[in-house]
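*Asks:* Here is what each chain is made of, one letter per residue.
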Amino acid sequence: MNEPIVLGFETSCDETGVGIVRGHTLLADALATSMAEHERFGGVVPEIASRAHLEAMVPTVHRALADAGIAASDVDAVAVTSGPGLTGALLVGVAAAKAYALALGKPLYGVNHLAAHVAVDELQHGPLAEPSIAMLVSGGHSSLLLVPDLAQEVQSLGRTIDDAAGEAFDKVARVLGLPFPGGPPVDRAAREGDARAIAFPRGLTGPRDAAYDFSFSGLKTAVARWVEARERAGEPVPVADVAASFQEAVADVLTAKAVRACRDHGVDHLVLGGGVAANSRLRALAEERCAAAGIVLRVPSPRLCTDNGAMVAALGSRLVAAGVAPSAPDLGADSSLPIDVVSR
Amino acid sequence: MLVLALDTATPTLVAGLARWSAGDGVTVLAERAVPSGTKHAELLTPAIEGVLADAGLAIGAVEAVVTGLGPGPFTGLRVGVVTAAALADARGIPAVGVCSLDAVGTGARTVVTDARRKETYWAAYATDGTRVEGPAVARPEELGLPGPFTGDPAFAERLGAPVTPADVTTAGLLRAAAPQLADPGSAAPLVPLYLRRPDAVPPTSIKPVTR
Ligand SMILES: Nc1ncnc2c1ncn2[C@@H]1O[C@H](COP(=O)(O)OP(=O)(O)OP(=O)(O)O)[C@@H](O)[C@H]1O
Ligand SMILES: [Mg+2]
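Just so you know, the sequences run in chain order E and C.
Counting in the numbering used here, the first sequence runs from -8 upward without gaps.
Counting in the numbering used here, the second sequence runs from 18 upward without gaps.
Bound conformation, chain E alone (with noise of 0.2 Å):
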């Protein structure tokens, strides 16, 4: 019962999270978000975003210690986000995390949001197995990751060499006149909808393609030209088909891609992670396909999938608990942070 107590922050995005875990028990997830203040933009607006992330910042930790019933004095380690991410906004998380690690005497640990996406699967399913392969699916990134340890090795296996999963969701959302973000509205408009009616493309899928490397850009596109050729001949957009028949697109590639990483590394567990890993059909087809590899799957609850706080403590707790020297006094952000850096 005295695993440590971690205080984490994430503020990449347009979420301000303040998360609270002992050792992998998650005790708070408190958030805030800006994300209605952006809906107009049709995108996340950085300044905006930072604003948001500076007003929200106490009123959130004084939620989460609520949330977790413990006083500040209580925590002994503190974890932050320290990229990638939009500067401005990673920068509020950081220097917060550095001033209330500074203020209780703490150890600091600047971490990386891709690993924290992974990490935070062990609040609900317990340690990793190690190694496993991790798909990271969200609003900016598509990645397939091998894991070794996740405290300090994580290796980049592929990712997308244009849009990431998410983004194709919010641009085909737009297409089809469904609110941003896109994730879902599209979910939930597929589920009415028949998955095969349209033959929509598989990116990257030839056998002379990377293997792990994703593309959606060219599938984003065939959708648009396809309710574009609609429109102009004055037919109805059968939005709930075409929600189908792109979201099987996307997790028919995403998974396919996954399972043949599991296979080629001789690895038999998979998590996935970040925003898009909320998606129902995803989750379905992974589950099915992982089964019939004999692949363990793992996915967390979808409320833990998109940006928090508490997969930045889990990750945190991850590190305190493998020893790992915390972050140096001159942390910073970093907007482009390898994926191979866990903690810096």
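None of these hints come from the bench; they were simulated from the model.
Just so you know, not all the hints are guaranteed correct.
Listed below are the simulated EDC-like cross-link pairs for lysine to aspartate or glutamate, each with C-alpha atoms no more than 16 Å apart in a straight line [what the hints assert, rightly or not]:
id: 1; chain 1: E; residue 1: Lys97; chain 2: E; residue 2: Glu(-6)
id: 2; chain 1: C; residue 1: Lys56; chain 2: E; residue 2: Asp321
id: 3; chain 1: C; residue 1: Lys135; chain 2: C; residue 2: Glu159
id: 4; chain 1: C; residue 1: Lys135; chain 2: C; residue 2: Asp184
id: 5; chain 1: C; residue 1: Lys56; chain 2: E; residue 2: Asp325
id: 6; chain 1: E; residue 1: Lys97; chain 2: C; residue 2: Glu66
id: 7; chain 1: E; residue 1: Lys97; chain 2: E; residue 2: Asp67
With chain E held as given, fit chain C with the ligands onto it using these hints.
*Replies:* Relative to chain E, chain C with the ligands alone:
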């Protein structure tokens, strides 16, 4: 009262420790002014630890935090403000915000600092030090104030008048904070003086994705 003062509204970040009392005013115990460009987040907490070490004091001894609220370039400015808010919150002590320009120079003056985009942040002060105009943002050519000018000398040419070089100081921050320090319950929430709206325009029409 032992006060920690911070400011990140200009390219020179300031961290200082001072004793303050309503009767005796300000005694600065330690101060660091660090040329930090855009590295405020990297350098601020080390500067705070530096002044604590210089004064031989621990963070637990600090009884209030004063921070400059700008105006200043947004990203750096937020580093100081959120640091002050977090430190004060974690220690359970008051946080007090002041206009950063108030902490540059003394007496009758017009303070000018760099607002980027060829503009200057400015405020004008009476002989007794009270702010009579500003803070605001303007093109130096259009300021139309007599001076004397204090602050960023890079603007001298465009102001057509000399600018006495001066930075934010710990003593200046404490002076500006005195009314709030005397009654911390009255301290206003720490809201940065942005003066400009975020750069963002809603798309006028949604472009088809294929074009
Ligand atoms: N049910 C869903 N189906 C598909 N996509 C979804 C679903 N729910 C959320 N998404 C997508 O997930 C993305 C958001 O992911 P996430 O919260 O991980 O953060 P992010 O802002 O994309 O940041 P980063 O890429 O830095 O992790 C959005 O593109 C959103 O459309
Ligand atoms: Mg994310």
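*Asks:* Indicate, hint by hint, whether the structure satisfies it.
*Replies:* Going down the list of hints, with the structure as the test:
Taken as a hint, the Lys97/E and Glu(-6)/E pair is honoured in the structure, with Cα atoms around 15 Å apart against an allowance of 16 Å. Among the hinted pairs, Lys56/C with Asp321/E is consistent with the structure: their alpha-carbon atoms are about 9 Å apart, no more than 16 Å. For the hint pairing Lys135/C with Glu159/C, the CA-to-CA distance comes to about 12 Å; that is within 16 Å, so the pair holds. The hinted pair formed by Lys135/C and Asp184/C fails the criterion: a straight-line CA distance of about 19 Å is larger than 16 Å.
The hinted pair formed by Lys56/C and Asp325/E meets the criterion: a straight-line CA distance of about 12 Å does not exceed 16 Å. Annotation: proposed proximity of Lys97/E to Glu66/C holds, straight-line Cα distance about 13 Å (limit 16 Å). For the proposed pair Lys97/E and Asp67/E, the alpha carbon gap of about 6 Å is at most 16 Å, so the pair holds.
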